[in-house]
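Chains as they are written, first to last, in my numbering: chain A, 1 to 231; chain B, 1 to 127; chain C, 1 to 240.
If you're looking for bench data, these hints aren't it; they were derived computationally from the structure.
Computed from a predicted structure; not experimentally measured.
The reader is advised that the hints may include incorrect statements.
If you want the footprint, here are the derived chain B segments under chain A, 3+ residues with CB under 8 Å [what the hints assert, rightly or not]: (1) 55-63; (2) 91-97.
For lysine to any residue, the following SDA-like pairs were computed, each having C-alpha atoms within a straight-line distance of at most 25 Å [to be verified]: (3) A:98 - B:68; (4) A:32 - B:68; (5) A:32 - A:66; (6) C:24 - B:111; (7) A:98 - A:129.
Glycine included, each C-beta is placed from N, C-alpha and C at the ideal position.
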Amino acid sequence: MKQLVTEAIILTRIDYGEADRILTILTPDYGKLHVLAKGVRRVKSKLAGGIELFSVSAITFIPGRNGLDTLASTRLVTHYGAIVGDLDRTMAGYDLIKQLNKATEDQAEPAYFHLLQQTFVALNDCTVPLPMVRLWFACRLLQLDGHEPNLQTDTSGQTLTAGQGYDFSFDHMTFNPSPDGGRWQVQHIKFLRLVFGQASARALSRVQGCEQLTAVLTPLVSTMLQTYLRV
Amino acid sequence: MTYVLLLEPNTLLAKTYTQLFEHVGYAVGHATGAQEALAIADKRTPDVVVLELQLPMHSGVEFLHEFRSYSEWLKIPVVVNTLSPPSRLAALYVALQSDLGVTAVLYKPQTSLQVLLRTMRQQLAQI
Amino acid sequence: MANASEGAGGDVDSLLLSVAEQLKIPLTVIARQAELGHMTGDGTLVDASTIRVQADAALQLVDSYLLGIRLLREQTELPLEPVSVSSLLVDVAHSLERFAEQYRVQLEVSIAGKYQPVMAHQQGLKAALVSLGFALVEAQAAQGTGAKRVTLAIHRTPHGLVTGIYGQYEELAAKQWRRALQLQTSASQPFHGLLAGSAAGLFVADAILRSMHSHLRPGRFAGQQGLATTLQPSQQLRFV
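Starting from the given sequences, assemble the full structure and let the hints guide the process.
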């Protein structure tokens, strides 16, 4: 029987029969998979008992029919242990896993694995403020889903300029010149460009004024997420 | 007989709580960590869990995430009795409740044995 | 002279926060023990010895913290004296004995051979080791099932006299210790792989040792892992 090897992050687990569980996992090579872990409800089984939140594991699985593969073995590769040292980060991590799982529904591109892995890395690094990790994650999620806002031009195609105040249109996902000052200024848009452009959240924490910018932009990005991804 | 799963890393506090629970006629399974707690729950399903969030190796949230993933443990009331300060817990309370099925959150230093017991009885009565 | 404020242990405010968090534990134990007797009407359930030992441990932590702060602030003038580390270790063991008993942790002292005195601040060194001991005994007690044993040991290396406290701990290596020092100010459980809570005893011990131009670092002894400090025997005293 053909066996495949990849890395995986476990998203959810549900019971299956008396002794088995179905794990929903995220992998860099095969996207989102549902794998049957046999006998793991017995705590002493070789696959069982591990508390796998915030971990990347190396797994071997056998491709199956009807979208259900079978897990053959698993080995812990990296456990992002510092996350659990802080309650806020633990709950944030848990929440972001849930958001990603919901946003990807039945399938996910391999890029989602890297997003979640980088999120763990950022959460694991206490020098990166938690709100920044959340903002970065939300932006990356929007981007992967094809709902990145237009940060270069307004609805009529005019380049966004300094000195102009803007309002945001959720319908068009663009900033538009505001007749009365506008909610958003150039520094907000520049920071958003940076957030959407960064491969990791760590770099954002070096930007001057980043914490304040994060606080101001978070509600905007959260609304985008709720509107388009329903998370 | 009501069976309490007590997840408490400090063994002296655990002894005090165990003495109280046994005094009122409960049986107690005590674990100092998350993995041990799962093993104990696997041997005998608890009627209620009393849980400290600050645990060695894994957090109480990790325990709950694993615990709640088993269908037979989905409805068991969980009373969080923790050293984590209320200011921290207030922001997380909704998430603890809605995502992890925590039914009561108590701040350990200011929670008397009487209040703990009363809270547990309230949770058990609602099953 | 090394700057004693370098490293996470030098942050006075964060040390205070750690200690304040840590004090919740013995004070909660005392409060609940007292309440237990009153609530059940059974005085035999109350362990007066537990109350006394926990109160002593809390006071020791406060004293160690205050000493640590004073030593950090008075960096230039430290009253050094010849200290017999072997005798000090036995002294520390006595201070930890009842505490370890309550936590059902067996305490052992390992001093093989004779060692020259070191020039050190005796009170500070003792306070550091006692603080460390309280934390590691509690950590050992929470490490699941099986026999629990903590060893206070001194042994000679090419770098000096390594004095430390050791046990069976799953995650106690240089990387985790460095991470814990970084997380001291920002995480509620900076060293959760070793013990729950703020780990104040470790940071107070480290702060005191840093004021003596030393510090804690992970080490191994007789198959156990732990935290230790390296002390230099006095060359002058060798000739006395």
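Evaluation of the provided hints:
Restraint check on the stretch 55-63 of chain B versus chain A: 5 residues with Cβ-Cβ distances below 8 Å, three needed, restraint holds. Here the stretch 91-97 of chain B counts 4 residues with a CB under 8 Å from a CB of chain A, which clears the bar of 3, and the coverage holds. For the hint linking residue 98 (chain A) to residue 68 (chain B), the alpha-carbon distance of about 14 Å falls within 25 Å, and the restraint holds. Between residue 32 (chain A) and residue 68 (chain B), the direct Cα distance comes to roughly 22 Å. Compliance with the 25 Å bound is thereby established for this hinted pair.
For the proposed pair residue 32 (chain A) and residue 66 (chain A), the alpha carbon gap of about 14 Å is at most 25 Å, so the pair holds. Taking the CA atoms of residue 24 (chain C) and residue 111 (chain B), the gap is near 12 Å; set against the 25 Å cutoff, the hint holds. For the suggested pair residue 98 (chain A) and residue 129 (chain A), the alpha carbons sit about 20 Å apart, so the restraint of at most 25 Å is met.
Against the hints set out earlier in the document, no violation occurs for any number.
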